[in-house]
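K.L.:
Each chain, letter by letter, is given below.
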Amino acid sequence: MIGSIRKLGRWGLGAFERLGRAHIFLYYILMGVPPVLLRFSLLVQQMLSVGVLSLLIIVVSGFFVGMVLGLQGYNTLVDFGAEQSLGVVVALSLVRELGPVVAGLLFAGRAGSALTAEIGLMKSTEQLSGMEMMAVDPIKRVIAPRFLAGFISLPILATIFTAVGIVGGYFVGVGLLGVDDGAFWSQMQAKVDFGEDIMNGVIKSIVFGFVVTWIAVFEGYDCVPTSEGVSRATTRTVVHSSLAILGLDFVLTALMFT
Amino acid sequence: MHNSKTVEILVGLFVALGIAALFMLAMKVSNLSTFSSEGGYVVTARFENIGGLKVRSPVTVAGVRVGRISDINFDNTTYEAVVSMSIEAGYNTLPTDTSASIFTAGLLGEQYVSLEPGGDEKYLQQGGEVRLTQSAIVLEQVIGQFLYSQAEGGDK
Numbered sequence: 000m001i002g003s004i005r006k007l008g009r010w011g012l013g014a015f016e017r018l019g020r021a022h023i024f025l026y027y028i029l030m031g032v033p034p035v036l037l038r039f040s041l042l043v044q045q046m047l048s049v050g051v052l053s054l055l056i057i058v059v060s061g062f063f064v065g066m067v068l069g070l071q072g073y074n075t076l077v078d079f080g081a082e083q084s085l086g087v088v089v090a091l092s093l094v095r096e097l098g099p100v101v102a103g104l105l106f107a108g109r110a111g112s113a114l115t116a117e118i119g120l121m122k123s124t125e126q127l128s129g130m131e132m133m134a135v136d137p138i139k140r141v142i143a144p145r146f147l148a149g150f151i152s153l154p155i156l157a158t159i160f161t162a163v164g165i166v167g168g169y170f171v172g173v174g175l176l177g178v179d180d181g182a183f184w185s186q187m188q189a190k191v192d193f194g195e196d197i198m199n200g201v202i203k204s205i206v207f208g209f210v211v212t213w214i215a216v217f218e219g220y221d222c223v224p225t226s227e228g229v230s231r232a233t234t235r236t237v238v239h240s241s242l243a244i245l246g247l248d249f250v251l252t253a254l255m256f257t
Numbered sequence: 000m001h002n003s004k005t006v007e008i009l010v011g012l013f014v015a016l017g018i019a020a021l022f023m024l025a026m027k028v029s030n031l032s033t034f035s036s037e038g039g040y041v042v043t044a045r046f047e048n049i050g051g052l053k054v055r056s057p058v059t060v061a062g063v064r065v066g067r068i069s070d071i072n073f074d075n076t077t078y079e080a081v082v083s084m085s086i087e088a089g090y091n092t093l094p095t096d097t098s099a100s101i102f103t104a105g106l107l108g109e110q111y112v113s114l115e116p117g118g119d120e121k122y123l124q125q126g127g128e129v130r131l132t133q134s135a136i137v138l139e140q141v142i143g144q145f146l147y148s149q150a151e152g153g154d155k
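Protein sequence lines correspond, in order, to chains D and G. Numbering-wise (numbering that gives the first Met the number 0), the first sequence opens with residue 0 and increments by one. Numbering-wise (numbering that gives the first Met the number 0), the second sequence opens with residue 0 and increments by one.
Fair warning: there could be bad hints in the mix.
Quick list of in silico lysine to aspartate or glutamate cross-link-like pairs, EDC-like style, CA-CA up to 20 Å [claimed, not checked]:
no.	chain 1	residue 1	chain 2	residue 2
1	D	LYS139	D	GLU125
2	G	LYS121	G	GLU139
3	G	LYS121	G	GLU109
4	G	LYS53	G	ASP96
5	G	LYS27	D	GLU16
6	G	LYS53	G	GLU120
7	G	LYS53	D	ASP221
8	D	LYS190	D	GLU117
9	G	LYS53	G	GLU79
10	G	LYS53	D	GLU195
11	D	LYS190	D	ASP180
12	D	LYS190	G	GLU47
13	D	LYS190	D	ASP179
14	D	LYS190	G	ASP74
15	G	LYS27	D	GLU195
16	D	LYS139	D	ASP221
17	G	LYS121	G	ASP70
18	G	LYS121	G	ASP96
19	D	LYS139	D	GLU117
20	D	LYS6	D	GLU16
21	G	LYS53	G	GLU139
22	G	LYS53	G	GLU7
23	G	LYS27	D	GLU117
24	G	LYS27	D	ASP221
25	G	LYS27	D	GLU96
26	D	LYS190	G	GLU109
Derived by calculation from the structure, the hints in this document are not laboratory data.
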């Protein structure tokens with residue numbers, strides 16, 4: 000009895016300790032961000048691996064998500080004779096929810112896990128310690144550029160996801176199912192507000208970008224430096240980022256769209 | 000893996016693509032291109048019942064959208080709803096005896112304010128008031144009245 004309570008207590012202390020370490024780590028990363036802006040090539044290199052190389056999966060998934068939305072929306076709306084509103088359905092669901100959330104989940108799987116694995120392997124092969132030996136701060140040289148790249152990339156990727164998704168919905172709705180072209184766009188323009196809907200979606204993706212990259216670089220930096228430790232850290236990155244995205248999405252939605 | 004020039008070009012394209020996507024969302028998807036809230040003027044109208052009218056609902060003249068509802072308030076003394084409508088600056092020749100009615104787009108559609116221009120030679124200005132109003136038709140009331148009159152008719 001006492002033993003299991005003690006176990007619970009130890010688990011709780013461990014969890015809070017990690018949370019505290021993550022925040023101290025975040026402070027050091029943010030301190031490391033200004034020097035990265037001076038060494039722009041580091042950032043560009045990371046933007047390539049984190050952002051540009053995630054582009055394909057984002058574009059393809061965005062197109063398919065948009066097409067499915069078009070198909071499902073049409074099947075539901077046609078019962079009410081309201082298939083003209085298909086553009087509104089597709090655009091609002093993508094702009095407000097699916098764009099930031101699905102792009103964030105894909106980003107966590109595609110780029111977040113890669114970041115954790117890369118940093119974790121650097122740690123277990125003692126490259127990070129090696130840098131410290133040479134008086135190079137690994138947080139400034141390795142972590143901060145990756146963090147900043149992820150933070151910048153996800154909003155861009157989410158915006159592209161949304162735009163491609165709307166084109167996908169247009170392709171299915173107007174191209175295949177015969178919804179009126181003019182009604183599709185004009186109803187969309189009448190109902191989607193730039194500040195209220197699109198900017199709130201972008202704000203969501205900025206928050207997700209921050210959290211996902213933070214989790215990814217922290218898990219990598221904090222992993223147990225063995226092959227098993229790196230694999231567990233990578234798994235944790237994907238699980239924790241996905242949960243964080245979905246949980247935060249609920250909170251943000253509740254705050255934004257009342 | 001790549002030389003730095005290629006990397007920079009790819010990243011530049013990536014950022015440009017993101018900006019293009021945002022631009023498309025702003026211009027093609029949202030109401031930013033069709034609707035500028037600046038430069039309009041606000042007129043108010045009092046209704047006994049506004050039904051399901053909401054802020055940002057459209058205001059139309061002859062079916063053409065000329066503005067939107069900017070504010071809805073309740074007057075504590077007259078028990079009426081005070082609806083503020085922001086009309087685009089281009090449509091500044093609405094006569095002062097214009098009347099306003101609340102209609103529904105389709106059977107289940109959203110509600111909007113329809114303005115019916117009168118014949119006065121003076122035009123509505125900023126802060127003006129539309130005096131002739133017709134309340135929203137509440138479907139439940141109409142059905143209730145219909146059933147009532149049917150029942151009355153049945154007695155004869």
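K.L.:
Each hint should be assessed against the structure and marked as holding or not.
P.N.:
Hints and how they fare:
1. D/LYS139 x D/GLU125: holds, 17 Å
2. G/LYS121 x G/GLU139: Given that 20 Å is the threshold and the Cα spacing comes to 39 Å, the pair is violated.
3. G/LYS121 x G/GLU109: violated, 32 Å
4. G/LYS53 x G/ASP96: The hint is violated at about 24 Å.
5. G/LYS27 x D/GLU16: violated, 48 Å
6. G/LYS53 x G/GLU120: violated, 31 Å
7. G/LYS53 x D/ASP221: violated, 51 Å
8. D/LYS190 x D/GLU117: violated, 44 Å
9. G/LYS53 x G/GLU79: Within the cut-off at roughly 15 Å; holds.
10. G/LYS53 x D/GLU195: holds, 15 Å
11. D/LYS190 x D/ASP180: holds, 16 Å
12. D/LYS190 x G/GLU47: Measuring from Cα to Cα gives roughly 27 Å; hence the hint is violated.
13. D/LYS190 x D/ASP179: holds, 17 Å
14. D/LYS190 x G/ASP74: violated, 29 Å
15. G/LYS27 x D/GLU195: holds, 16 Å
16. D/LYS139 x D/ASP221: This hinted pair holds, its Cα atoms lying about 16 Å apart.
17. G/LYS121 x G/ASP70: violated, 25 Å
18. G/LYS121 x G/ASP96: holds, 9 Å
19. D/LYS139 x D/GLU117: holds, 16 Å
20. D/LYS6 x D/GLU16: holds, 15 Å
21. G/LYS53 x G/GLU139: holds, 19 Å
22. G/LYS53 x G/GLU7: violated, 49 Å
23. G/LYS27 x D/GLU117: violated, 40 Å
24. G/LYS27 x D/ASP221: violated, 45 Å
25. G/LYS27 x D/GLU96: Given that 20 Å is the threshold and the Cα spacing comes to 19 Å, the pair holds.
26. D/LYS190 x G/GLU109: Since the Cα atoms of D/LYS190 and G/GLU109 sit roughly 11 Å apart, the hinted pair holds (cutoff 20 Å).
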